[in-house]
Structures are given as C-alpha cells and as structure tokens.
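Protein sequences, first through last, are from chains E and L. Each step along the first sequence adds one to the number in the working numbering, with nothing skipped, and position 106 is 106. Each step along the second sequence adds one to the number in the working numbering, with nothing skipped, and position 108 is 108.
Hints may be right or wrong, so weigh each one.
[Stated by the list, open to error] Covered stretches of chain E, going by a simulated chain L footprint (3 or more residues, C-beta under 8 Å):
no.: 1; segment: 27-33
no.: 2; segment: 51-57
[As the list claims (entries may be wrong)] Rough simulated footprint, nothing fancy, chain L against chain E, three-plus residues with beta-carbon under 8 Å:
no.: 3; segment: 37-45
no.: 4; segment: 114-125
no.: 5; segment: 155-162
no.: 6; segment: 168-179
Hints in this document: simulated from the structure, not taken from any laboratory. Just so it is clear, CB atoms sit at the ideal spot from N, CA and C, and this is done for glycine as well.
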Amino acid sequence: MYHSGLEAPQGIWWKPVHGSEKVWATIAFAWCLVLFAMMPFWHLRGGQNPSGIRHRVDPVAFRTRVTEFIEEYKVGTDNQIPVVEPPPGSHIYLQGAMWSWTPVLRLKQGAEYILHLSSVDVNHGFSLYPLNINFQVVPGYDYGLRITPHEAGEFQIVCNEFCGIGHHLMVGKVVVVPSDDEQAAGTTVDTAAAAVATEGGSR
Amino acid sequence: MSASMRTCPTTGLRVDKTAENFIKIHAVVATVALLIGGVSALLVMLTRWQAIHLLDVVWFYRLLTVHGMNMLIFFIIFFEMAVLYFASAVLLNSRVPAPKVGWVGFALMLVGTLMVEWMMFSGQADVLFTSYVPLRAEPPFYLGVILFAVGTLTVVGHYFGIIVVAKREKTYTGSVPLVTFGATTAAIIAAVTLLHGALVYIPTWLWSMGYMEIDPQFYRLIWWGLGHSSQQINVAAMVSIWYMLAAFTVGGVVLNEKISRVAFVLYIMFISMASAHHLLVDPGMGPAWKIWNTSYFMYMAVFASMIHGFTVPAGIEMGQRLRGVTQGVFGWLRRAPWGDPGFSSLVFSLTIFGFVGGITGVTFGTEQINIIAHNTLRIPGHFHSTVVAGTALAFMGATYYVIPLIFRREVAFFKLAKIQPYLFAFGMLIFSIAMTFAGTFGVPRRHWDITFAGAPFQVEFSPTVDLVIGVMAVGGLIGILGGAIYIVITVVSVFFGKRLPEGESGLGAHGRGLPLGIIAPPRALTPEDDGEDLEKHALGTTPGTMILVIVFLAAFITYYFVNWKLLSIVWKIG
Ligand code: HEM
Ligand SMILES: [Cu+2]
Ligand SMILES: [Cu+2]
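Chain E extracted, bound-state conformation (with noise of 0.2 Å):
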C-alpha cells in the first residue's frame, strides 16, 4: 500500500493528509503565523528596530555634512580622530571609508541622537562592541536611526563588512558620558535604568 520516493505514483495520488502529519502541519502553521506576528509587534512594543529614515546620498555630500558636523562639534582629537560632542536629541555623522570611522563621538547617557551613517566608499559594517549592535553602511545610502544609549562607558566601531585589506584595522569609538542627574545623584544611584545597565554590560 506505501511506495518509496523512487517510485512513480500509479493514479490519483491527491489523497487527504492522514493523522499525525496533519496534526504536525496545523502546529507548525501556527508557530509560522507567530514568527510573522512577532516582526510587527516588535515594532509597536519593542525598543529595537531596523527602520530608521532612510534616504539616498551623495557620497560627496555627505562627506561634507560629516565636516560640517566635525566643525561644529568638535572638542578634541583621539588618535588624530576628531572628537565631537554634540548636543541631546541632535542629528549626528559617523562616516565609514577605507579603513576608518569618523569622527569619534561623545554621547550622553540617556539621550536620544539621530546617528546617521553611511560610506563614502565601499560597503562597510558598523558593529557596536561589545553591545554586537549591526548596521550595514552602504555608500550612497544614509541610514538615520535613532539611538537612545542607556549605559555609559567606552564602545568600539568594529567594521563587519569585508572591505579591502585594511578591514581589520577599521575600529571606531564612541563615549558616553554619564547623564548629569546620576552624576548629581552620585555613585548609589539607583533603579531600573542601571539595573538594565549591568545586565547588558555583563553580556
């Protein structure tokens, strides 16, 4: 009555689906309609997502916007790197060329930044560490996405797209200073924000 997958099926081979398999495709259906749930309620709850806003770029513009920003903000260098700090809830650079991120930025714990990246080059990979946050930075693309970082401390731009052979000595930074009422606050601060603070740092 059963024939293996070598053999031609003789007649009509359209035949209801019997009991465990059926049982097994209306469970794993389910769990399909899950996993697609999950994308679009992430975006209504969730903290984390791709979207940002996004548009195409000159290149050469956005090397200029990127000068301008250094201008602007600039407060020091970092092995020959500038070093902006630029105000809360600002549109901030980072550009990604072969084989360095510019500039160096200095955030405020707790505020929100529009990071804008993008290449003035080759593909490169923006890669927060040690918080393994990924973007990919495509030249003539800015992506503009909206950062709140919780947790001060120093985190490096580590480059995760293959680009040339310099690749490997692509490594940025980025500080973030901590917020003036913790500072006020002192060191006995406190509460859900640092809590969420060790748990991600001792990731």
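The hints should help you fit chain L with the ligands onto chain E, whose structure is shown.
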C-alpha cells in the same frame, strides 16, 4: 532496449550510458572543487584560530574567496547537476535526448570555473564570493561567473528536455516519483535564480570595464536574489536526497504524496523574496518590505521545511515498521542500519539541518533580531550547519550509493566510509555551534585579525571568545578530516575500486565494500513472511517521529525567544 542501456541489477532500473557519463563527469569536477575548497577551509580556519593565525592578510581574504566560490558555487552546483541527471534519466528509465546540449552546458560551466579560479588565485579577484560593488575584481572574473551560470542554465534546460522525452516516450507510468518531483523544483528554482544571476552579473561585468554605473544597494538586492535563491536549490536537492536515501537504506516510504509535493511547490512560490533576510539592516528598504519578504510571505518556505522535517523521518519510521522493526516508540531508530553510511548521513544531515541550521536561520532572519546577528560569526555558524552539515553531508551519503549504482565499483576503504559521516557531522556540529556562539559576542565574520593589532582603538574580546574559537577550530579540523576521508574514498573507489560484475543480481556475496541497502535492499514484510497482519505493524501512525518533532519545536521556541530577550537589553535603536 537500445544498446546504450543497461539494466541495473540492484534496482532493476534501465540506465542510459550517456546519462551515466554525465553523472560521472559532473561528480568528478564537484569533488575537485570540494578538494580546493577543503584545503582553503583548512588554511582559513587556521588563520581565524587566533592562536595560530597562519596566513597573511592578503592570502586570508584570497583563500576565503576561493573557499566560498569553490564550496558554495562549484562543488554544490556541479554535484546538483549530477543529481539532476540521476533524477531524470535514471529514475525515469529515460534516454538522454540531446547529449550535445549537455556537453555544451558542461563545457561552459567548466570554462567559467577555470576563469574564476585563475582570477582568484592570481589575486585579481580579492572580493569574496559576494563581490559587493564597488569592490572591484578584474572583468574576466565576472565573465567567468556568467559563463558558469549560462552553462548551468543549459544543463537545467537539458534536464527539462529529458523529462519531456520520458513523458512522451512513456518510459514510466503514473506520475513522476517524488524524488524526481523534488529535483524538478530544484531545477525550476535554479532557472529563476540564474536569471537573477544574469541580471546582476552582466551589468557588473560592464561596470568593471567602465561602461556603466551600479547602485551598491541595488547590487545587494539582486545579488541576494541569486545568492539566497541558490540556497533554496540546495535545500530542494537535499530534501530530494533525503527521500532517496530513506528509500535505499531502510525502505522509507512516502506517507502522503500530496503533502510532500505541496511542500516542494511552496519552495518555488516565494523564491525571489529570499533576498530580503540579507538586507534586514540595510538602508535601502523599509520595514514593511523587510517583514513581508524576509518571511517569504508569512514563512511559507519555513512551513514547507517543517513539513519535510516530519515526513522524511516519519517515512523512515513507517518503512522500518513495515519491515517488522516495530519494538516500542523508538525501536525503528535503535535498530536502524547505523553502519550504512547512506543512512547515518541522512539522519545527521536531517537533524543538524533542522535543529541547528533551521532554528538559527529563522531566528537570525527575523527583522529585528538580525540587528544582533548581521555579519557576525553567527551567520557562517548558521550556514555551515545548513549547507555543509545538511546539504554537503546528504550529497556525501548519496555518493556511497552512486559509486556502486552508477560507477559500478565497490566503495574503497568501506570501514572508513562507515565512520566518515560521523566524523564530518560531529566536527561540523561542534564547529557551527561554536561559531554561532562566538558570534553572540559580536565577533565579526570575514575578519583576518580579531585582536585588531594596529587599529586606532583597542577592542578586547573576553577570554571566553578565545576558548570558543579554539573549540570551533577543533570541530573544524575534525570536519576537515571527515571531508578528506570522503575525498580519498571517492577518488580511490571511482578510479581504482573493484569493479562490480555486470548483470549480476544479488550482490550479497560481494564482500564488504557495499552499503547494506545495496547488498540487501530493504523490503517490506508481506503477510507470508510471518502470520501477522501488516496493518498492525504499521498502525498507520508514527509515534516516534511525533515525539521528535515536538522536541524540535520546543528547542525552536526556546532559542527564538531567548534571542528576543537578548535583543531587548541592547540600546533603544530605530
Ligand atoms: C569541511 C569543513 C569546513 C570548514 C572547517 C570551513 C570553515 C570555514 C571558515 C573558517 C570560514 C570563514 C568564516 C569567516 O571568517 O567569516 C568559512 C566560510 C565559508 N564557508 Fe566554510 N568550511 C567548511 C566547509 C564548507 C562547505 C562544504 C561549504 C559549502 C558547501 C562552505 C561554505 C562557506 C562559505 C559560503 C563561507 C563564507 C565565505 C565568505 O564569507 O565570503 N564551507 N568556512
Ligand atoms: Cu570597513
Ligand atoms: Cu570592513
């Protein structure tokens, strides 16, 4: 029967000599590509293992390009062309209508391959197999890829020709066997995939000569239309081989043709969407596009794989029960032919593909979770458990049957052949799990030096990462050993193996160089074998498989939600 046909004494199939030659030549080239890919795997592996850090930076990326191209493109696709000839001419008892077309296709593939190898080894194409523009290789590299694709398309066209001739000449009755049906879906997907290939590589070739501009995001979109759809070819081919090996080794049956075939069709339906899960954290597309496409229209391809993941083991279980192996819930597994390399390959391929490759793939392909996976070692960790421990291992298992059935030789070093799938599967399992785990710390893929010596800022991965990479290296070395044994066995069997006598049936007396499924083909009990009622053996249900898939689902749900949890603790971003 025409003179160019012989009847296979084992399976009773009539085999066309031309088809046989096509299968041989494609399989041989595939093995050569596997060898080149394997040697580069070893060197790349020993470089990523930071304790050894073997290659210099130039040769690391060069050989990583060589590894990706030879493994993912040349080895896999040449082998798949052999599978197509087997599934059409051999399984349908058909002749090969236009051998010239087949030879032209093969020649184009070979010339394309040689051009690409030449460009890679001479350092004119250090762009990795994805060759994202505007990274540039010299024009012959792209031309080589185009010739290879055109050749493949020709062979796929030839395959459809064989199917049409078989149908017209009524070489079989009823519908085509499920294995042929599955191979046909692979061929259809291949055709669609190769059109994406033309769409991306022809402009890129022109671009490399300075004749036109290409948008880097457009390139990524269309390239992955090629790159990922071709993984769907691999999946369809692999699943077909699962059904085939189940039949050869334990008399596995098809519980229901309808559900298995519908599942294959689902693979075709949404194939062009496959590009999306590579672009989830790209700037070129918005969330609606990403969600819709990454899920292949609500995970219908995942649904299809979950169906095959049930029907294949259930077919094995039922096949075993029909042969009288009915003890308990798992007797069919315990008393299975574990010494038959075809069977062990099948089981490991299915299990690792599902439990490791499938679960990680769906999880990382989730729009938001991709933020904590993109371009880290989690990604190669994932695909070494799909296309390596899954597809490549299934192909290895099939080889142990192709050698006697098509090459008419004994399998050399059969004792080694018995343990080969264990070595390869175990090694790649450890390798891919460790790799995936290293990726959760943010260790990047495609990276020569994760100590970042000479970089402006210091990045120091935790000591755990060193340990995990060490484990990964050991797994990789075991896997490479398994792969090397496979190559030695195949080459020695094919060129120097003991010939099987023509026309002899019943190979039982023929010594030890053959898998059990060939010496004693599995046969269901008939009521005469013992007094008992067959229906009672079979019971119409497969309780063992049901338990296994529930365990699978539990693992899936756990891993999936653990990753949401990991995502939820990083900075707010969007
Ligand atoms: C036999 C054992 C194998 C070992 C030890 C191995 C090892 C590796 C290693 C270490 C990498 C580099 C990962 C990175 O730095 O990003 C890699 C990449 C890769 N492997 Fe394998 N591999 C093996 C077999 C295979 C097979 C059989 C295939 C395909 C069928 C394959 C396909 C790939 C691909 C496509 C890449 C990505 C290349 C890239 O990112 O450009 N590997 N492999
Ligand atoms: Cu880079
Ligand atoms: Cu890079």
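Status of the hints after comparison with the structure:
no.	hint	verdict
1	27-33	holds (count 6)
2	51-57	holds (count 3)
3	37-45	holds (count 5)
4	114-125	holds (count 6)
5	155-162	holds (count 6)
6	168-179	holds (count 6)
Hint violations for this structure: none, all hints satisfied.
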